[in-house]
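Undergrad: Protein chains in written order, with this note's numbering: chain C, 2 to 433; chain S, 2 to 433.
Hint data in this document are derived by calculation from the structure and do not stem from the laboratory. Just to be clear, a hint being listed does not mean it is correct.
[What the hints assert, rightly or not] Here are the computed distance ranges between Cβ atoms for each label pair:
| hint | chain 1 | residue 1 | chain 2 | residue 2 | range |
| --- | --- | --- | --- | --- | --- |
| 1 | C | GLU186 | S | PRO318 | 38 to 44 Å |
| 2 | S | SER327 | C | ALA57 | 56 to 62 Å |
| 3 | C | PRO22 | S | LYS431 | 27 to 33 Å |
| 4 | C | GLY424 | S | PRO22 | 33 to 39 Å |
| 5 | C | HIS429 | S | LEU235 | 42 to 48 Å |
| 6 | C | SER179 | S | PRO22 | 52 to 58 Å |
Using N, Cα and C, we set each Cβ at its ideal position, and we do this for glycine too.
Protein chains: 2
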Amino acid sequence: MQIREYVQKMKEISPAAASSPLSVRDASLRAISQALASHREEIFQANREDLARAAADGIQDFVMKRLRFDEHKLSDCLSGIESLLSLPDPVGRITLKRQLDEGLTLTRISCPIGVIGIIFEARPDALVQISCLCIKSGNCAVLKGGRETASTNKVLFTLIRDAALSAGMPDGFLLQVSEHSQVDELLCCDDCVDLLIPRGSNKFVRYIMEHTKIPVMGHSEGICHIYVDDKADLKKAIPIILDAKLQYTAACNAVETLLVNRAVAPVFLPVLCAELREHGIRIRGVSEVLSYAGEDVSSDPSALMSGNDFRTEYLAPVVSVKIVDSVEEAAAHINRFGSHHTDAILTEDPQHAEAFMTLVDSAGVYQNCSTRFADGFRYGFGAEVGISTGKLHARGPVGLEGLVTYKYRLVGHGQIVGDYASGNSQFHFKDL
Amino acid sequence: MQIREYVQKMKEISPAAASSPLSVRDASLRAISQALASHREEIFQANREDLARAAADGIQDFVMKRLRFDEHKLSDCLSGIESLLSLPDPVGRITLKRQLDEGLTLTRISCPIGVIGIIFEARPDALVQISCLCIKSGNCAVLKGGRETASTNKVLFTLIRDAALSAGMPDGFLLQVSEHSQVDELLCCDDCVDLLIPRGSNKFVRYIMEHTKIPVMGHSEGICHIYVDDKADLKKAIPIILDAKLQYTAACNAVETLLVNRAVAPVFLPVLCAELREHGIRIRGVSEVLSYAGEDVSSDPSALMSGNDFRTEYLAPVVSVKIVDSVEEAAAHINRFGSHHTDAILTEDPQHAEAFMTLVDSAGVYQNCSTRFADGFRYGFGAEVGISTGKLHARGPVGLEGLVTYKYRLVGHGQIVGDYASGNSQFHFKDL
Numbered sequence: 002m003q004i005r006e007y008v009q010k011m012k013e014i015s016p017a018a019a020s021s022p023l024s025v026r027d028a029s030l031r032a033i034s035q036a037l038a039s040h041r042e043e044i045f046q047a048n049r050e051d052l053a054r055a056a057a058d059g060i061q062d063f064v065m066k067r068l069r070f071d072e073h074k075l076s077d078c079l080s081g082i083e084s085l086l087s088l089p090d091p092v093g094r095i096t097l098k099r100q101l102d103e104g105l106t107l108t109r110i111s112c113p114i115g116v117i118g119i120i121f122e123a124r125p126d127a128l129v130q131i132s133c134l135c136i137k138s139g140n141c142a143v144l145k146g147g148r149e150t151a152s153t154n155k156v157l158f159t160l161i162r163d164a165a166l167s168a169g170m171p172d173g174f175l176l177q178v179s180e181h182s183q184v185d186e187l188l189c190c191d192d193c194v195d196l197l198i199p200r201g202s203n204k205f206v207r208y209i210m211e212h213t214k215i216p217v218m219g220h221s222e223g224i225c226h227i228y229v230d231d232k233a234d235l236k237k238a239i240p241i242i243l244d245a246k247l248q249y250t251a252a253c254n255a256v257e258t259l260l261v262n263r264a265v266a267p268v269f270l271p272v273l274c275a276e277l278r279e280h281g282i283r284i285r286g287v288s289e290v291l292s293y294a295g296e297d298v299s300s301d302p303s304a305l306m307s308g309n310d311f312r313t314e315y316l317a318p319v320v321s322v323k324i325v326d327s328v329e330e331a332a333a334h335i336n337r338f339g340s341h342h343t344d345a346i347l348t349e350d351p352q353h354a355e356a357f358m359t360l361v362d363s364a365g366v367y368q369n370c371s372t373r374f375a376d377g378f379r380y381g382f383g384a385e386v387g388i389s390t391g392k393l394h395a396r397g398p399v400g401l402e403g404l405v406t407y408k409y410r411l412v413g414h415g416q417i418v419g420d421y422a423s424g425n426s427q428f429h430f431k432d433l
Numbered sequence: 002m003q004i005r006e007y008v009q010k011m012k013e014i015s016p017a018a019a020s021s022p023l024s025v026r027d028a029s030l031r032a033i034s035q036a037l038a039s040h041r042e043e044i045f046q047a048n049r050e051d052l053a054r055a056a057a058d059g060i061q062d063f064v065m066k067r068l069r070f071d072e073h074k075l076s077d078c079l080s081g082i083e084s085l086l087s088l089p090d091p092v093g094r095i096t097l098k099r100q101l102d103e104g105l106t107l108t109r110i111s112c113p114i115g116v117i118g119i120i121f122e123a124r125p126d127a128l129v130q131i132s133c134l135c136i137k138s139g140n141c142a143v144l145k146g147g148r149e150t151a152s153t154n155k156v157l158f159t160l161i162r163d164a165a166l167s168a169g170m171p172d173g174f175l176l177q178v179s180e181h182s183q184v185d186e187l188l189c190c191d192d193c194v195d196l197l198i199p200r201g202s203n204k205f206v207r208y209i210m211e212h213t214k215i216p217v218m219g220h221s222e223g224i225c226h227i228y229v230d231d232k233a234d235l236k237k238a239i240p241i242i243l244d245a246k247l248q249y250t251a252a253c254n255a256v257e258t259l260l261v262n263r264a265v266a267p268v269f270l271p272v273l274c275a276e277l278r279e280h281g282i283r284i285r286g287v288s289e290v291l292s293y294a295g296e297d298v299s300s301d302p303s304a305l306m307s308g309n310d311f312r313t314e315y316l317a318p319v320v321s322v323k324i325v326d327s328v329e330e331a332a333a334h335i336n337r338f339g340s341h342h343t344d345a346i347l348t349e350d351p352q353h354a355e356a357f358m359t360l361v362d363s364a365g366v367y368q369n370c371s372t373r374f375a376d377g378f379r380y381g382f383g384a385e386v387g388i389s390t391g392k393l394h395a396r397g398p399v400g401l402e403g404l405v406t407y408k409y410r411l412v413g414h415g416q417i418v419g420d421y422a423s424g425n426s427q428f429h430f431k432d433l
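Assemble the whole structure, with the sequences as input and the hints as a guide.
TA: What follows is the structure in structure tokens.
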């Protein structure tokens, strides 16, 4: 059977999954939690096999870390499920109730999106997280994990699916795809997949976006900025910048560019640059910055930056530095060279903070804290399906709310539009 | 100057438009209303020229009706502006406020999408409606109207832009594109246009969707259904069906397919078909239906339908009819052959209604009223930018809410993620 046939079948049963009561969806989550806990050894064994194969293939260390599924990752998954259980039902929420006329009532009610395709590289824990989010929100899901953890994924998927089915989710609501060639098949299912969520490298996400007509939610780049204002408390600045760069350098919410107000540059830049170097962070910038930093351009010409160089995501201990004249110039730079992910201002001046937060066109605009806070868990969403840098539907860290849409229900007693067009009847729009 | 340069400039000023206060946006709407009213003769004269040209070009009557901008259309536009003025500010609405930890507060706040491209065929009144919606929501807009009403569009655009600028909107926030070749240029501006809204024929909307990487909000088809349940009040059924088909036959929310429960078919179909014929509506269906309808297939073989024939949008006085065994079968047919626009059940049974409304995967699910109610004005949105059959972002009739997105603001006092990772600090998630 081709993937398309499975997914078409899934599309047909998706209304049944969408109407499954919260009790069944929550029971599924509890059953999954139990199954994962009681089959931990089976999961860890499969993961050890994957890791051994990956090591033999010469996979890099920082990738290896992502492939690992150990007691620590399991415990994160289980507590993620606990928080999902504690969240209210995302389905059936009424967001508008309006009497259009006597006996003609409009209701807007949240409902699952339908069929969601999730394609991710590495990170088997993402498989658990995302399938649980889909179950809580009443969606059907097609999952394609990275080939490096094929054995782990298979064990996890089987446990999750069987637990959910035993708790009453409809047969066929969850599907695993394991062959890479099947991804291209999935990308063509625009008549039966409602949304694609890719998780992985920039290149990978961009490939997905460019090869499908299915709407894609995700981000391909995280070029985050910190702007040190002339009204910044400079003592706060250094720890925030170090955290934003070093706490997880390869994360999309790590800072890539520092903008420093000209008024504080002479005092702040030499101190900052010394700190950065001490922590093994390489500095790149315009010549003015490099002279403050005491960098010798002749010995490292690549440190000198201009124009579009600032559109760089390092994901490494390197940082771009630029001097700006005002909060407005900082915002203009960020809007032009950033990726609309998360950007912060360090300032004690409320008006400067307000201007920055209004003018910067990003999913997250922060004052006096690290860009690394941009994350579904840290926002209290229980879990996240990813971080969206698009502006439509869901923006920033996406939790359950990003997996639902809504429909309008209109209940009447024989009303026809002709009567309103002729003036026989009149709308009175009364919110209930 | 190329379109791209104008639009890039618009992108740069969009944060200024986004932060314009409601007083300026509302003053712009009032100035537009005044300008339109006091220059009515100029507008009508331009429109008469367009109509004369269109008549000479042999444009069909029903299209001519859409090109007309007369006293009646003007009055609709003015009352649309009045209702927009009465609506609350869609920008700056706080939809989440959460203390993540002491002194670390997350706020989700609505903001304009940014730069919106609007491409429409015919209907100069749509130009007024949509630019006013963009102004109220703080968006910049690029407008491309149909070539048939080029003179009317030009007068309307100039009046609207000048009025808004005089009220304080930033220079360059509104742009008109008049050459057809410039549309393709606009479709390539995916780095500076955030959203495209096409309004026009199926073919036109599909062309837009297939030739751009910019997100598109719209619908290309409206295959709406009415299902006559075995528990329907058959007296209500006939007026609703006639209204849904005839009140505006060429509209996307007109009914195209009638599904009739087998239990009532022998009684209802002969009466229904006689009524339809009396009102000049042609009947197509499976052979069983045609025999109830007393249609002679041999004299009109095209009346006989099967399978994918039901995926037909007539936009004309023709209707597809099918017999189904249950509400579930009706829902499955609608999900398979419909366009997820608006579908109605006629029933007095609340459980049947509930099942239909849950199972049917459409933007609008109705009970006992005409599908023609699917419209932003009739939902009390003041105006609409269009009707979306997509499931992401906005669904169904789209008013102001579809023109805003949100951003997350996080305000701290030096917090870093390292402290939460190490356990030195802990989130406590308190909704405020």
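Undergrad: Name the hints, by number, that the structure is in violation of.
TA: Hint 5 is the one this structure does not satisfy, whereas the remaining hints hold.
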